[in-house]
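Enquirer: Below, each chain spelled out in residue letters.
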Amino acid sequence: MNQQIRAIAELDRVIHEPGRLMIAALLFAVDRADFLYLQHETGMNKGTLSSHISRLEEARYVDVEKTYRGKVPRTLLRLTAAGRKAFEQYRRDLKQAL
Amino acid sequence: MQPSAEGTSMSQVEGFLKLPKLYDNIDGVTELCIGFMCLAWTLLAWLQMHTPEGAVWHRMYTLFIFVAVMCFITHFGSKAIKNRITYRRTGYVEYRRDKQWVPMAIAAAVAALVPVGLFVASRRHWHIATPVCLIGLGIAAFYIPYARMARWRWATFGAMVAAPLVIAALPAELVEAFANHVSVFSAIPATAVGAYWLTFGIDGALLMLSGGIGLWLYLRHTQAPAQEGR
Chain A
1 MNQQIRAIAE LDRVIHEPGR LMIAALLFAV DRADFLYLQH ETGMNKGTLS
51 SHISRLEEAR YVDVEKTYRG KVPRTLLRLT AAGRKAFEQY RRDLKQAL
Chain B
1 MQPSAEGTSM SQVEGFLKLP KLYDNIDGVT ELCIGFMCLA WTLLAWLQMH
51 TPEGAVWHRM YTLFIFVAVM CFITHFGSKA IKNRITYRRT GYVEYRRDKQ
101 WVPMAIAAAV AALVPVGLFV ASRRHWHIAT PVCLIGLGIA AFYIPYARMA
151 RWRWATFGAM VAAPLVIAAL PAELVEAFAN HVSVFSAIPA TAVGAYWLTF
201 GIDGALLMLS GGIGLWLYLR HTQAPAQEGR
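Chains as they are written, first to last, in the working numbering: chain A, 1 to 98; chain B, 1 to 230.
Everything labelled a hint here was simulated from the structure, so no lab data went into it. Wrong hints could be hidden among the right ones.
[Said to hold, decoys possible] Listed next, with one range per pair, are the computed distances between beta-carbon atoms:
#, chain 1, residue 1, chain 2, residue 2, range
1, A, Leu-98, B, Ile-73, 40 to 50 Å
2, A, Ser-54, B, Cys-71, 38 to 48 Å
3, B, Phe-76, A, Lys-71, 51 to 61 Å
4, A, Lys-66, B, Lys-79, 18 to 28 Å
5, A, Ser-51, B, His-221, 52 to 62 Å
6, B, Arg-151, A, Arg-92, 43 to 53 Å
7, B, Arg-148, A, Lys-66, 32 to 42 Å
8, B, His-221, A, Asn-45, 14 to 24 Å
9, A, Leu-98, B, Pro-171, 55 to 65 Å
Cβ atoms here follow ideal geometry from the backbone N, Cα and C, with glycine treated the same way.
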């Protein structure tokens, strides 16, 4: 039981937040995706999604690239190597905790 | 699928990981492409069965040109739909290239094993209904992940399961008539050719129909945002 509690305490808090977990999981399964895709899959509004991405960017888990598709701006997001490692570790820790 | 405020279960995390894979067919384009390829093969087989031996449709270079045109249409057709419709409405996804060899390896293995299996079946005079059923059911099994995306797609799955069973129960003369009573390869009898022609034709039509409905529903329920934010 103690070990389980310890495992829960050791969960990465940046990824553990439900909104950020969705973003990390979606980006983990792809090479990169744009802001619109994440908005569509997570159902979050622009502001909430943007703040979660900023938090992941601060932790250096996500790489944000601003490009254009024709004249329309596009924000491409990719999980960094550190982000991938952190997400894999989170999955292992969560399995252990549950 | 949203994680609860109290916490996140492992199954939810695994569920999120599957979403991008399903997104590839959110617009029904994957089904349209596979259905188109099945119908194209059916058309080529029909041309081969209804033309004399020396006709252009029996030449090897025709096969290569046909495959090239088919690949060109599916590749650029799906790309055009994705670029002009899907990415503008529900977003862009670039899939990981390191895992793309897996479906290709499976497709290559199946493509190599099917003719070998057919050859063995015909040499040993097995009843041809069995391999037809197996291939038809194999195609239906391949469709299961797509059927899980929406409830109405299970009807397509049901029709795909029923098709080979019905074909296997048809009288041999009738099935042979679909193949114009000729064999494309000398090792495979007309009954088998007719049965495979029907299987691929019906499955191709079902996939095109299902993909078409999927695309129509996608267009109906989504619209491009005015401008991307952030």
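Enquirer: Hint by hint, note whether the structure agrees.
Expert: Okay, the hints, checked on the actual structure:
{"no.": "1", "hint": "A:Leu-98 with B:Ile-73: 40 to 50 Å", "in the structure": "holds, 48 Å"}
{"no.": "2", "hint": "A:Ser-54 with B:Cys-71: 38 to 48 Å", "in the structure": "holds, 42 Å"}
{"no.": "3", "hint": "B:Phe-76 with A:Lys-71: 51 to 61 Å", "in the structure": "violated, 23 Å"}
{"no.": "4", "hint": "A:Lys-66 with B:Lys-79: 18 to 28 Å", "in the structure": "holds, 23 Å"}
{"no.": "5", "hint": "A:Ser-51 with B:His-221: 52 to 62 Å", "in the structure": "violated, 28 Å"}
{"no.": "6", "hint": "B:Arg-151 with A:Arg-92: 43 to 53 Å", "in the structure": "violated, 35 Å"}
{"no.": "7", "hint": "B:Arg-148 with A:Lys-66: 32 to 42 Å", "in the structure": "holds, 35 Å"}
{"no.": "8", "hint": "B:His-221 with A:Asn-45: 14 to 24 Å", "in the structure": "holds, 19 Å"}
{"no.": "9", "hint": "A:Leu-98 with B:Pro-171: 55 to 65 Å", "in the structure": "holds, 57 Å"}
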